[in-house]
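Colleague: The chain contents come next:
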Amino acid sequence: MMLQPHILIKHKAVLWTLVLFALLYSTQAQAQQPSEPAPDDEVITRQLEEADDNATPPKQLDTQDNPAQESEVTAEDSAPVQEEEELSDEELKALEAALAEDLEAQEDTPSLATTASTQGFSQSTMGRTLQSMNPDISLILDVAAAGFSNTPLQGGAHDPNQNGFNLQQLEMHIESNVDPFFELQANIVFSQFGVEVEEAYARTLALPANLQLKAGQFLTQMGRLNPTHPHSWSFLDQPLVNGKFLGGEGSRGLGMEVSYLTPLPWFVELTASSTMATGACCARSFYGGQDLGVNSPTDLLYTTRMEHFFALSDSFSLLWGTSAQFGPNPTGLGNRTEIYATDLYLRWRPLNNPSRTSVSLQVEAMHRRRQTAGDILVDNGGYGQLVWDINFRHALGVRYDFVEGIAGGLDTIDPEWTENRQRATAQWTFYPSHFSRLRLQAGYDNPGWYERPILIAMLGAEVLIGAHGAHGY
Amino acid sequence: MKYNHLKHITSAFITLAIVLFAHSAWAKGKKIRVVTSTPDLAAITMAIGGEHVEVTSLARHTEDPHYVDPRPSHIVKLNKADLLVVNGLELEVGWLPGLVVQARNKNIQAGAQGYLDASSVVKLLQVPTQAIDRSQGDIHPGGNPHFTYDPRRALNIAAAVEKKLAALDPDHKKDYAKNNESFSSDLGTVIKTYEDKFAKLSSEQKQVVTYHASTIYISDWLGLKEVMQVEPKPGIAPNPKHIATVLTAMRKQNVHLIFQESFYPKKASQKLAQLAKGDLVVIPGGTNVSDGQTYIKRIKTMADAIYKAASK
Chain A
19 MMLQPHILIK HKAVLWTLVL FALLYSTQAQ AQQPSEPAPD DEVITRQLEE
69 ADDNATPPKQ LDTQDNPAQE SEVTAEDSAP VQEEEELSDE ELKALEAALA
119 EDLEAQEDTP SLATTASTQG FSQSTMGRTL QSMNPDISLI LDVAAAGFSN
169 TPLQGGAHDP NQNGFNLQQL EMHIESNVDP FFELQANIVF SQFGVEVEEA
219 YARTLALPAN LQLKAGQFLT QMGRLNPTHP HSWSFLDQPL VNGKFLGGEG
269 SRGLGMEVSY LTPLPWFVEL TASSTMATGA CCARSFYGGQ DLGVNSPTDL
319 LYTTRMEHFF ALSDSFSLLW GTSAQFGPNP TGLGNRTEIY ATDLYLRWRP
369 LNNPSRTSVS LQVEAMHRRR QTAGDILVDN GGYGQLVWDI NFRHALGVRY
419 DFVEGIAGGL DTIDPEWTEN RQRATAQWTF YPSHFSRLRL QAGYDNPGWY
469 ERPILIAMLG AEVLIGAHGA HGY
Chain B
41 MKYNHLKHIT SAFITLAIVL FAHSAWAKGK KIRVVTSTPD LAAITMAIGG
91 EHVEVTSLAR HTEDPHYVDP RPSHIVKLNK ADLLVVNGLE LEVGWLPGLV
141 VQARNKNIQA GAQGYLDASS VVKLLQVPTQ AIDRSQGDIH PGGNPHFTYD
191 PRRALNIAAA VEKKLAALDP DHKKDYAKNN ESFSSDLGTV IKTYEDKFAK
241 LSSEQKQVVT YHASTIYISD WLGLKEVMQV EPKPGIAPNP KHIATVLTAM
291 RKQNVHLIFQ ESFYPKKASQ KLAQLAKGDL VVIPGGTNVS DGQTYIKRIK
341 TMADAIYKAA SK
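If you're matching them up, the sequences are chains A and B in order.
Residue numbers 19 to 491, in our numbering, belong to the letters of the first sequence in order.
Residue numbers 41 to 352, in our numbering, belong to the letters of the second sequence in order.
Next comes chain B alone, as it looks inside the complex (with noise of 0.2 Å):
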């Protein structure tokens, strides 16, 4: 019986140094785990990250990233992850805080090596200077969060995720920059391509009507102007006085474009295009990173379909 139990306790020990070794061998060819919050700093991160990263956005391309269902699952998601990357300026404090929180990962809170908050890169615009508050809509007091629509500033952000990664993983600091390099030069390519574009519309097609005060970096990029929003304050339902009074504006000025995401509702915007004889845009929110588009070919679908409507 005794040489039994020996035996037991020594296949147990056996199988055990067999599994940890087959774990350590697993973890070391193991790739940098990333989390982002939208789709689009999804798709930015696996541009750099190529084959080295494993990245998971929390929220869908076709879901409003204000609001985001905090699912139990996104905290396993985040318990597990090396890097998270968010977009800041408070566009997910309505459901990632308390998620980042319970997720117990030191590595990934505010401040950590594996934090990066894609805000801190950019240059943004509609950084309230006055005294603000809620009267005025749901006003994000930092500026407005939606840069990752413009590619100029997705190309800061996509350095500062290749600053983190190499920091992450300096084993593959070289394919990381190598990434970095040919994704900014394609994207550079491709912004210079819908600029010339756009600079060659005239000042009355650039005039656009949006519905939520989101789309300012689109504008800013393509030199579009923003004559109204649907919303008569951010956040806040489309009335009857107010689309009156947008439909009034955009036949005075002969604004004949309205562009939102597909997440809002598009009943006022498409009665609207309608009276005004113009056109209505739906644009994604996002990269549809399930189906393995890229961001390249996200931006250049959201212009393509902008220009079309303008240069009618």
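So here's chain A without its partners, still in its complex pose (with noise of 0.2 Å):
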């Protein structure tokens, strides 16, 4: 007897959710009824045009239709080819006027049911004259002239990180899709001392489920930042904190990725990767320089990141993404590290600003554990950077670094960082075209450790020459 009211109570809800759902269902249909179209702005203001149309041009309405893109189709394929030809302007104005004669000339030929078709313009394209089945290639060039008024500690591998010139990088990006189910990315990098393969993975393009999969040697997905490339950055060097906890590379290593778009309105991303937990470039809270081999699933390095964006306007949007790192670390049988981050992107821009104006904030936190013999290694680091895009010509930086530091020397990757390390950057960028750009940087480096903090000016040219991908947000 004491179950009986609770039963009712669910068979009500069930009879209720019945009766919701054919309510819905009944108006849905109703909805769908051809013979009533939903009497939509759309129809309404193609009703007035019409009226507009026939009260402006009240004879051509149904004598001669349009003759204009008549003259476009039967237009011959080869004279226009000579007329696209860049000459001179005089040149070309005579022959934008003979071009322009000629349609004239033909204003008075055939009829619509020809025009509707595509055929005659697709033929003539000449556009696709230049298909070739070559991928995507571009080369990066970034080169630095640096001064230093104490010794260099600059953590990144692409950072000016001495007194005079410096080759950043020549980076040869790669990519084209593979087939309908693959896609290649490909990012060489030489330096005046050798080739590395930075990255080079295969993407997949038609799983289902919203999935998606990485193999081959990518950047691990930790943090804003880091699978990025320094030509996509804004500023000559890479954070502090990226190159202690992450490496002078970044975190990246052989394995793969999966990533899952969940079907929230909203953009959700989450992602999982299993790399090689060695190299120390690229993995050096984790095995780095040491390689002790892959014993077991655990001997790996596991990144997972969940992103999260909101539009909060036209103008405002929002990246939100929390990155983790498990994997083994060489101080003993067993030993392990861990590292948290969380980022915050917050960037403006007006749509209707000719000057494609936009400021933009970047603040990215990192937490690291490490297992030693008989201890625990804690520290954090960070920076945040607000960036003024000025206009397509000029941009603004600031950017303020901090990684604490670990005393009494336990540290055995970094020993000699006892200290916490503050870092102020400033930087200007211009951009005589959208496929190069100058930027001068100055620093202010406090390691707390040095006796004096570390001066920085630095001028750096980028260019860029080829087909180069589009960048993500």
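If you are wondering where the hints come from, they were derived from the structure by calculation, not from laboratory data.
Computed cross-link-like contacts, DSSO-like style, restricted to lysine-lysine with a CA-CA straight-line distance of at most 30 Å:
#, chain 1, residue 1, chain 2, residue 2
1, B, Lys-146, B, Lys-203
2, A, Lys-232, B, Lys-120
3, B, Lys-281, B, Lys-317
4, A, Lys-232, B, Lys-117
5, B, Lys-203, B, Lys-214
6, B, Lys-317, B, Lys-348
7, B, Lys-281, B, Lys-292
8, B, Lys-146, A, Lys-232
9, B, Lys-311, B, Lys-237
If you follow the hints, you should be able to join the two separate chains into one complex; please do so.
Modeller: Dropping the structure here:
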């Protein structure tokens, strides 16, 4: 008897759901009735326009319909080829005049029926002659002149890190679709002393269930900056925390990644990857330079990321990410390292501003825990940067870096990093075009264990040639 | 207790069945979801698809289609799209390709059933026939991509959209054909009206200076002669020396009309117009679809504005 009312309520709930769905369905069915098209604005404006059109040119409506496009359709294929040559202004004008005359001359030809078809234009399309099966290849050169008031302590592998001239990198980016199922992206980086495969991976295009797989060598989704390349960074050097926690080359490795786009109405992407935990350049908080091999799945490095995007308004948007890395470290059997990170990217870009002005705030913070023989080392770090793209020629940026140190030389990776380190950077960018930029950067680097701070000045040039793929947000 | 469990399971199953039923009913009457890269393409698609489609444009009409922010929210739209209509000719190369890959939607990848490249169905202008490199500015190797400014080319796009929609949604094939017929006939009238109007202008009145080499299709349609561009080379910001050259040319050849899209800087053009005792006409870069503007209306507004200044 005690159960009775409970069950009753349950029945009622089911009943109500049924009724609700039935109602919903019936209203939907009604909405689909073809006999009653919704009197939407589109139809009304269309009618208005028809009335309008009829009013202005009353004569043409039923007689000659659209002769202009016929002339296009019947235009010979050969003639325009010559006309499009980039000649002197005079010649061009003459040719354009000729073209206009051609159009006029042909104005009193055929009827609507043929024009509606796409045949004419597509056959005379000339752009397709440029087709090739070559992938998009681009080459990016980053060079810089730098001066340091004290021994430089730059952490990034592509940072200007010596007095005088620096080759930051010569990056070759190659990408293309492989077939309907994969695309391939490769980023080959040349330094003065050799070549490295920074990234080379295949990514799926057609997996079901909103999934995507990546396999090869790639930068992990550890934070916002890490998976991107230096040529898309605002500053000439890498944030300190990325260099110390992830590595001079950032966190990257050979492995596999799976990501999932959730069906939520806003953008939420979940990513998980497994990569090799070795490399002083790119897994320094894990096995680093010591390759201890993989004896079980726990000897691999795992990275997870969740990313949310909110279009706050037409002009404001916010990207929020949380990442974590788990993997082994070489200080003893079973010792582990964990890094937790969160990042925020707030961007203001008014859509109707002709000078493409924008302001973006980017903040990343990381928390690292390392097991060592009989101890747990904990440190934190992060940076915040504000970049103002004044217009498409100039940009200004400021950045603040902070990374903790571990006292007493317990940190075997950075034994000298015993105190906190702060760095402030200001930067000005000039874009002669979309494919080149000059950057002037000044920095004040204050490692707590240095007697005097390091004053930094850099002047960098970056040029890009070739077809370069689109960057992410 | 066992009885109670059974109840739970049964009600769960019933609810699930209802949800599935409701979902399939909803899916049946669902509209074709079309995503376009530019608002002009959206407006043309709306005219053809009518009530059977739901069209979203990634770029706004106030935005320069070369430089759209690749917002991740676009990925969500692309993920759910049945058809993607792009302008092509690398107009969107700086922002769209990555989004399409990340969208994880095999139906809208290049070459798939739900992919339409508008540039493949129109006759193109300014296709380089000589070797090009970027010292000539930001040149599109396949030809000038701003063809949606020309309503004659819009007719070709409309026909291609009709074909695509009919293939994706054969149930409403007839409606699409009907919509295209009325769109083409309305637009045809507009085309003819303005051609006649502009034909009556003197050849001097038909000379123009434009900001970027994006207006060639308007000039082609209306028989205007583009004397020069305010930009020295495509994508390279104007410099005083070049502006002086443009001004000299304008004075010498009696050019009084400058036009440009709203998303380009206006100061240089304004100054030029003032010095050459002419007019600057600012045309929108696309159809204002978010406020319900139609493609036809957009073309008429644009042509009217140019005519008003040219016929002075």
